[in-house]
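Trainee: Residue-level listing of the chains:
Number of protein chains: 4
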Amino acid sequence: MDKIDYQAILERISEEIKPFCGKGKIADYIPVLAKVPANQFAMAITTVTGEEYVIGDSEVEFSIQSISKVFTLTLAMKKLGDDIWKRVNLEPSGTSFNSLVQLEYENGIPRNPFINAGAIVVSDAIYDGRGKTKNQIIRFVRDLSGNNSLYFDEEVAESERKFGHRNRAMANLTKSFGNLNNMADEVLDIYYHQCAIGMNVLDLSRSFLYLANEGVNSRTNERVISGRQTKRINSLMLTSGLYDAVGDFAYWVGLPGKSGVGGGIVAVVPSVLSVAVWSPELNESGNSLVGVKALELFTTYAQNSIF
Amino acid sequence: MDKIDYQAILERISEEIKPFCGKGKIADYIPVLAKVPANQFAMAITTVTGEEYVIGDSEVEFSIQSISKVFTLTLAMKKLGDDIWKRVNLEPSGTSFNSLVQLEYENGIPRNPFINAGAIVVSDAIYDGRGKTKNQIIRFVRDLSGNNSLYFDEEVAESERKFGHRNRAMANLTKSFGNLNNMADEVLDIYYHQCAIGMNVLDLSRSFLYLANEGVNSRTNERVISGRQTKRINSLMLTSGLYDAVGDFAYWVGLPGKSGVGGGIVAVVPSVLSVAVWSPELNESGNSLVGVKALELFTTYAQNSIF
Amino acid sequence: MDKIDYQAILERISEEIKPFCGKGKIADYIPVLAKVPANQFAMAITTVTGEEYVIGDSEVEFSIQSISKVFTLTLAMKKLGDDIWKRVNLEPSGTSFNSLVQLEYENGIPRNPFINAGAIVVSDAIYDGRGKTKNQIIRFVRDLSGNNSLYFDEEVAESERKFGHRNRAMANLTKSFGNLNNMADEVLDIYYHQCAIGMNVLDLSRSFLYLANEGVNSRTNERVISGRQTKRINSLMLTSGLYDAVGDFAYWVGLPGKSGVGGGIVAVVPSVLSVAVWSPELNESGNSLVGVKALELFTTYAQNSIF
Amino acid sequence: MDKIDYQAILERISEEIKPFCGKGKIADYIPVLAKVPANQFAMAITTVTGEEYVIGDSEVEFSIQSISKVFTLTLAMKKLGDDIWKRVNLEPSGTSFNSLVQLEYENGIPRNPFINAGAIVVSDAIYDGRGKTKNQIIRFVRDLSGNNSLYFDEEVAESERKFGHRNRAMANLTKSFGNLNNMADEVLDIYYHQCAIGMNVLDLSRSFLYLANEGVNSRTNERVISGRQTKRINSLMLTSGLYDAVGDFAYWVGLPGKSGVGGGIVAVVPSVLSVAVWSPELNESGNSLVGVKALELFTTYAQNSIF
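Protein chains in written order, with the numbering used here: chain Z, 7 to 313; chain E, 7 to 313; chain A, 7 to 313; chain W, 7 to 313.
Hint data in this document are derived by calculation from the structure and do not stem from the laboratory. Careful: at least some of the hints might be erroneous.
Copies of the same chain look alike in the list, so a pair counts if it works inside one copy or between any two.
Claimed, not checked - Quick list of in silico lysine-lysine cross-link-like pairs, DSSO-like style, CA-CA up to 27 Å:
hint: 1; residue 1: K41; residue 2: K24
hint: 2; residue 1: K31; residue 2: K41
hint: 3; residue 1: K138; residue 2: K84
hint: 4; residue 1: K85; residue 2: K140
hint: 5; residue 1: K85; residue 2: K29
hint: 6; residue 1: K41; residue 2: K9
hint: 7; residue 1: K168; residue 2: K138
hint: 8; residue 1: K92; residue 2: K140
hint: 9; residue 1: K92; residue 2: K29
hint: 10; residue 1: K92; residue 2: K31
hint: 11; residue 1: K92; residue 2: K168
hint: 12; residue 1: K41; residue 2: K140
hint: 13; residue 1: K168; residue 2: K24
hint: 14; residue 1: K31; residue 2: K85
Note that this is a predicted model, so its numbers are computed, not measured.
Generate coordinates for the entire structure from the input sequences, incorporating the hints supplied.
Mentor: In structure tokens:
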């Protein structure tokens, strides 16, 4: 196969997504997210062979929100191995990402680690009962991205806390079923902070490269997790990474990916590359409207759907 | 009709319920309730004409728990009139009394004021935002019962709070739908205290007499609520007062009533009397096992089912 | 108490309901019901002492629809006694009257005999496996009403069958749980016919008089069912007789009653009278809009709410 | 990469699955399936370059059951293109494969074409209203497999019909929402027949090779569907092909696949091969217990998870 000209693909995409700008809706459930200017777009590719490509507003930092759930799951798998699956399932949820209904019917075992209840259980699993867990998370993300200036945006975390009645409902319901070891508010503090990390698209594509590289951080050559665990995180992203549009994303894009309500989406072509896209306006499923379109164009032009 | 010999009926009941003692299970979701001695039974009748009858362990105080929801609903109806029905529905729930499922499907409007979520909304409705609400509640119950030594059992309230993860889930879910004006924890403090009132069966039958007396406290001759509102509370007790055994209770007993997990049940024969029973062991529906049986015998012998 | 002038009350009601005419919506799920002229109203009272009062379009026959479920339940209780409660529960449903959701979660045991699934199970229980059951039903209703010209409206029954996909779904789901002894289509044939009986308001109030008369048909002096069973049917009507507006009806009217989508409602004042009302336009809960209002006025003026 | 010795892998697998034989449970919801002898195992691989490998009871024909849903979906996509997605969604269901609950909440639009309700809608979509559809299906499967002796097992189809109360419930519920053009029983006749095709593992792996070959039948060189549609069917199999164990299968096996309660599972390595396995004992999710284990070993040894 000829070498793919990724930069040309990014340029083509940045043209073709233009008609889709202005068609979505910025997340407004917390004020601090609502004030992000619309009409921004950035995309970045990092390959396992060390090449990087960017386009658009690639300097702008955005809130990664739910994308962070992949980082904390990785930490939990490093700490607990397969024991984490005793506390959280790995099946698609089939219902809205923050539904308490399913959690109640399934006795406090969340459907997967990427719905909020699941991520809260994962936060509980990595919480050390003292103050060091947040440090551990931010250091982990700095190591993956190679960007030591990444930080928790306390304004975002505080805003999440202030308007987080539903998450507090979920954490307390989980606790009522005995599936939370620590106090709900302590665990939510971890959870809100992990969601409140800001980074740009290149930071993001670099941070996910280990999932395209059999678990190894290619910048430092350190193993993050085993190759087997890497495949599993990728499979989980494919079956549960895009809220209630998992099937849609698998159908139109065909890559394991994870999205956040901040407008970021990151996807992985196993053994080849990671690709991050950001555009703050969301579609009805809560995923970046332009981001999904851009990734669909990407797999079409680069011919690298896993299917 | 000949005058009914209620004392003879109570004596007959206290014999006939004996085979049912020891067949239920004391509530153990909080330790302080679990340590109540089983095998206790008491029953009291207060008529609108001022007669009183008691039998059994009628001196023993028990925790009224959910029975208190009738008192706070009455306070909310006094304060808000029919406006309270904008925030809580008046239909039977059809599911377990603490289900979050229904609350989520129905957008935070609880099915009725006697399920936990509904009672929490009622507590929010009567909360003044400062510290006086608890005083108001206990004074109201003292007035109804004529017993000025009634008090909140702080040990019970604290125990409810400590193990109240599911109630906290419910309050936060309600808040997430915008149906709670105050902070969840403040409202729950009211709620846990109202449930933690201790009284004996005679206090209880006296406290409910206004619902048999067209809304008038017959001891003081003061109107508590209107006759019309009285009928409504009675109808609500009939359709929603016995957790998930409303139909069963209407079928076998045939009176408006309200039960609590402390083992108390109180029922009303409109225009005639109120009757309270207490026995701490519960049946599968969370109602006093002996208490339900005793009331079934009572309406059979006194021939006063409303149907 | 002075003798109540029921005729005057009926006249007052027929004036006061006028503003509510034209505000509802005629049932249109089957064409044959949709063509009933709106703006009709009739009301009839039959007392246990033999007096009768009528007003309005009292000659017009209407389709009793779900009201028939009380007749078939009575037949099933005569045939099986309390064994019928092994196959159908007696709790309010808390959800829309034709929901399959609850039926599935509760393993094919319908919540009560007045939701469609419950009535289908009751039809199965009285079905003899041959052709005589329909005859038995119509004879029973003729005996109760004293009107030997009552008949099944075959056009209505056929229309119900033709558009009855959801009932067929329900019957088959019940069968899949083993709670239907006969073939779904045979049972549905019984069910559609019982719903397709036409009568006028006076027929209807006469037919229900046994439930106000401790189970005795006062015209023939024959016992229909025991006094105990009578109370139970009344309690069931109160907790489950008005679709998803049971609490509302108990709150505003305060009588055991049963409604049908044909616009009829019948209610019982135990030991006193039965009252039937008909007006074809329905409110959002599927009950006659004017009918509910008329009964609310009735219990207000006659002062005979059971609460 | 060295050439993979698939025959050696099959031999190794057939040894290593032995401890898992006898641990599952043969489908017994219809008698005709229940009488299949346990302790059978067969596996077959067909590569896009024309090589074939088999092991075990590869001559034995088994009922493909739900695997047939991929064939009828392919026919529907050929006939309707993307219009089929107006009538059926493409998201994972998150609940048991035959649940009516979700179908009711989502107004008769099945979650995906591989749950029963979805497959029934697909059957309706390809039904011509006359008798030729079954012929079309069997011819299509014969063409894909190259085996002209494949046939519908009428005994199995009749058994499915006889015990198919839940499927009839589902079809009628779908019809009640207007999402079935033909009569429920006619559509179910198509559905039961498609499930009742018998074949052996080699037939099965050959039949699915077009999904590994960009949509082309490599035996005849005819295009079955477009490359784009092929990727989509593969993505759908990955997100919805294994009943309620989709996440588990993606996690442990990592290939698009489809299972049936007859004990067959077929999976696709895009651009490389199709692999079929059969062993009649099922695990708790209704998938072949030994089959899942065998495919997990297969992707481990052949190193061809798509993740």
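Trainee: Taking the hints in turn, state whether each one holds.
Mentor: Structure-based check of each hint:
1. K41 / K24: So K41 and K24 pass the 27 Å test inside one copy only (21 Å; across, 54 Å).
2. K31 / K41: within (12 Å within a copy, 46 Å between copies)
3. K138 / K84: Only inside one copy: K138 and K84 sit 16 Å apart there, 52 Å across copies, limit 27 Å.
4. K85 / K140: This pair counts as within: shortest intra-copy Cα distance 15 Å, inter-copy 47 Å.
5. K85 / K29: neither (42 Å within a copy, 32 Å between copies)
6. K41 / K9: neither (41 Å within a copy, 56 Å between copies)
7. K168 / K138: So K168 and K138 pass the 27 Å test inside a copy (23 Å) and across (26 Å) alike.
8. K92 / K140: within (24 Å within a copy, 43 Å between copies)
9. K92 / K29: The answer is between: 22 Å across copies meets 27 Å, while 41 Å in one copy does not.
10. K92 / K31: between (37 Å within a copy, 24 Å between copies)
11. K92 / K168: Between copies, since 26 Å is at most 27 Å while 31 Å is not.
12. K41 / K140: This pair counts as within: shortest intra-copy Cα distance 26 Å, inter-copy 41 Å.
13. K168 / K24: neither (35 Å within a copy, 51 Å between copies)
14. K31 / K85: Neither way: K31 and K85 sit 38 Å apart in one copy and 35 Å across, limit 27 Å.
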